[in-house]
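Undergrad: My request is simple: use the sequences and hints to build the entire structure.
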Amino acid sequence: GENVEQHPSTLSVQEGDSAVIKCTYSDSASNYFPWYKQELGKRPQLIIDIRSNVGEKKDQRIAVTLNKTAKHFSLHITETQPEDSAVYFCAALLGLTFGKGTDLINQP
Amino acid sequence: DTEVTQTPKHLVMGMTNKKSLKCEQHMGHRAMYWYKQKAKKPPELMFVYSYEKLSINESVPSRFSPECPNSSLLNLHLHALQPEDSALYLCASSQDPTGPSFSGNTIYFGEGSWLTVV
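For the protein sequence lines, the chains are E and V, in the order given. Read in the working numbering, the first sequence has 80 at position 80, and its numbers run on one by one without any break. Take the position in the second sequence, starting the count at 1, then add 108; the result is the number in the working numbering.
Treat the hints as calculated values from the structure; they're not laboratory data. Check the hints yourself; a few may be wrong.
As the list claims (entries may be wrong) - Residues from chain E that keep clear of chain V, each with C-beta distances beyond 10 angstroms, as calculated: (1) R43; (2) I62; (3) H76; (4) T97.
What the hints assert, rightly or not - Computed footprint of chain E on chain V; a stretch qualifies when at least three of its residues, placed anywhere within it, have a C-beta under 8 angstroms from a C-beta of chain E: (5) 128-138; (6) 180-189.
We put the CB at the ideal spot given by N, CA and C, even for glycine.
TA: Okay, structure coming up:
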């Protein structure tokens, strides 16, 4: 089955800094890669996704990059703000297999 | 409307009780899912229904019994649970997972049902 590795498990950044979270996957057949944000006590919510026919996608302060050859994809958040503090999950294999999550802590 | 509705939001049950979690979506999605999530852990897939038929059962113990009465509803029947089953149970839905061009699409999660087994 698919194996999704996510790093780091915890990421502390100062307000205004950039944050990068990386995921690798094992199944070369995977071609859809969503990212979810989960605030404490709330449901996971999709923030951005990418398909294998593109290498990068941006939406305001967030972007995702995909390297199919290396089987890794990354989430980039610029100008981090306190409301970005949450746990972020990547997923692969039709979006059903999740990484272990990254606890992003934004320090004012 | 991108809403998946789950009830109840909170449930406390004894180990000998029988209870059910309910989920509803009106987005015309033909795939529905149950996930289990522990604090600060990723959601773990339990069951997938595709066109109202069970298509994936991730080796879930029989004390969890899913049911899909129609394309909009998904239930999870609970019986003889253990304290370690206490968790957030998330229902989700997505579009047709069986089309020839399907390559994965957005999974919409409900707010979840917080289950405590005492």
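Undergrad: Hints first: check each against the structure and report whether it holds.
TA: Structure-based check of all given hints:
1. Here E:R43 does not stay apart from chain V, with its beta-carbon only about 4 angstroms from theirs, under the 10 angstroms limit.
2. Every C-beta of chain V lies more than 10 angstroms from that of E:I62, the closest at about 16 angstroms, which supports listing it as non-interface.
3. No beta-carbon of chain V is positioned within 10 angstroms of the beta-carbon of E:H76; the least distance is around 20 angstroms.
4. Not every CB of chain V is more than 10 angstroms from the CB of E:T97 (nearest about 8 angstroms), against its label as outside the interface.
5. Coverage of the stretch 128-138 of chain V by chain E is violated. Counting CB-CB distances below 8 angstroms, 0 residues qualify, and the rule asks for three or more.
6. Interface restraint, the stretch 180-189 of chain V with chain E: violated (0 residues with C-beta to C-beta distance below 8 angstroms; minimum three).
When each numbered hint is compared with the structure, violations occur for hints 1, 4, 5 and 6.
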